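K.L.:
Hey, can you work out the whole structure from these sequences and the hints?
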Amino acid sequence: MTALQDGATTAIGPLHLLATALVDTAALIRVVPERLRVAAAPGSAPVLQGILDRLTGRLGLPGLVVVPDPDPLWSVELALSRRLARDLGGADGTSSHPDVSADQLEDAAHHALAAFPGRPVTVSAYDGTPLRCWAAGAEDRPAVALVPPCGMPVGLVTRWMKALSGSFRVVTWESRGLFATEDGRNLAALGGHSLAAQADDLLAVLDGFSIPQAHAMGLCGGAAVALAAASRSNRVRSLSLWHGDYELGDEAPKTDHQRDVESLLTIAARNRKQASGLHRLMRRPSTLQGLRPDIAHHLLYPYASPELLHRYGLLNGAIMSTDCRPFLTAGQPTLVITSSQDTTAHPAGSEYVAAHLARAELRRTPAGDHLTAFDAGPELVDLAEDFLHDVTEPDRKDP
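According to this note's numbering, the sequence shown holds residues 1 to 399 in order.
Calculated directly from the structure, the hints in this document are not laboratory data.
Watch out, some of these pointers could steer you wrong.
The following label-pair restraints were derived from C-beta to C-beta distances [stated by the list, open to error]:
1) R119 x S210: 15 to 21 Å
2) S321 x Q289: 22 to 28 Å
3) G43 x V381: 42 to 48 Å
4) D71 x D323: 44 to 50 Å
5) V381 x D323: 47 to 53 Å
6) V121 x S321: 27 to 33 Å
7) P253 x G50: 49 to 55 Å
8) H356 x I267: 27 to 33 Å
9) R35 x T343: 35 to 41 Å
10) D71 x R359: 52 to 58 Å
11) D323 x G43: 55 to 61 Å
12) T329 x V65: 51 to 57 Å
13) E351 x H111: 41 to 47 Å
Small disclaimer: the values here were computed from a predicted structure and weren't measured.
Where a beta carbon is used, it is the ideal one built from N, C-alpha and C, also for glycine.
P.N.:
As structure tokens, this is what we get:
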């Protein structure tokens with residue numbers, strides 16, 4: 001059973017953690033039409049309800065309903081409860097709680113909203129679709145366009161943003177049409193959903209931040225988007241493609257996971273009725289099996305409502321089904337990274353891409369599965385930065 005312990009929220013530090021966790025899950029809280037429930041430790045629900053009511057109001061988020069038992073919760077609510085509980089696991093569980101002052105709540109909300117990567121900036125795609133974007137790092141540094149997997153909230157790539165922004169200007173965005181407008185009432189208009197449209201979004205983001213050219217760093221399905229953009233524009237000066245999910249016809253096998261997801265997305269994309277039926281299946285708590293509690297709320301995001309799942313089927317379905325072989329004409333310097341332990345995106349796809357790009361280097365990491373690529377561990381950051389320095393400072397000499 002997963003439950004929130006509210007004792008720690010009464011201290012300023014843990015209250016900040018709770019506010020930060022709410023901001024980290026804000027996209028999920030906003031996009032679900034119904035009011036979400038979270039589970040509390042026995043006896044603590046009334047106090048935690050009061051704190052969450054006041055804190056979500058200050059953060060501009062829909063309210064949450066605190067319940068004493070996690071058993072009736074559906075998958076998204078369980079993922080949300082686990083994420084909020086993760087930072088509050090050290091609560092002392094006492095039954096005596098001093099009041100949280102208005103100043104404490106304001107301070108916690110202010111710091112959470114201002115925390116890295118900060119509030120999004122809206123940039124218009126070429127077809128007018130609004131894109132939620134972020135930028136970090138000095139504007140005079142070489143630029144890196146961080147291309148996340150389709151449908152994932154920015155929180156999944158924040159570690160990479162933070163790791164690279166000390167040396168580079170890093171920009172990123174969330175997938176078109178899959179995130180709520182600022183008031184949280186509706187999803188933004190979708191516009192086009194082809195892989196070409198999503199590749200053009202990378203260039204539109206560069207325009208939005210007045211960046212003439214950039215390195216494109218694509219993760220999972222974002223690797224296909226980055227590769228497509230590089231084949232279309234020399235504004236993409238170099239590439240790094242991390243655990244890429246590519247459609248390559250008969251040239252490379254796919255994992256069971258790739259085939260299963262592609263089949264699911266094909267059904268979801270057909271119409272909203274089909275997506276609604278699949279969404280009912282995704283509500284089962286068993287959906288969380290095998291998902292890391294620290295990122296499950298990001299991974300479940302595009303399955304959180306029938307409309308969202310339908311749009312995700314269109315967008316990610318286009319990424320997973322569009323043949324990437326025509327994009328292998330891209331001539332930019334490229335680093336391709338995979339691992340034999342990746343059972344999500346088959347390593348053979350990365351190996352084929354690296355073998356057929358004119359200026360590609362393949363690196364097989366000795367450890368790490370698909371999801372650890374998003375952790376931005378020291379070894380991976382070193383690998384990324386070494387390549388970035390080489391392609392942005394070609395005359396650099398190692399001491």
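K.L.:
Against this structure, judge whether each hint is valid.
P.N.:
Going down the list of hints, with the structure as the test:
{"no.": "1", "hint": "R119 x S210: 15 to 21 Å", "result": "19 Å, holds"}
{"no.": "2", "hint": "S321 x Q289: 22 to 28 Å", "result": "27 Å, holds"}
{"no.": "3", "hint": "G43 x V381: 42 to 48 Å", "result": "44 Å, holds"}
{"no.": "4", "hint": "D71 x D323: 44 to 50 Å", "result": "46 Å, holds"}
{"no.": "5", "hint": "V381 x D323: 47 to 53 Å", "result": "32 Å, violated"}
{"no.": "6", "hint": "V121 x S321: 27 to 33 Å", "result": "31 Å, holds"}
{"no.": "7", "hint": "P253 x G50: 49 to 55 Å", "result": "54 Å, holds"}
{"no.": "8", "hint": "H356 x I267: 27 to 33 Å", "result": "31 Å, holds"}
{"no.": "9", "hint": "R35 x T343: 35 to 41 Å", "result": "36 Å, holds"}
{"no.": "10", "hint": "D71 x R359: 52 to 58 Å", "result": "55 Å, holds"}
{"no.": "11", "hint": "D323 x G43: 55 to 61 Å", "result": "58 Å, holds"}
{"no.": "12", "hint": "T329 x V65: 51 to 57 Å", "result": "53 Å, holds"}
{"no.": "13", "hint": "E351 x H111: 41 to 47 Å", "result": "45 Å, holds"}
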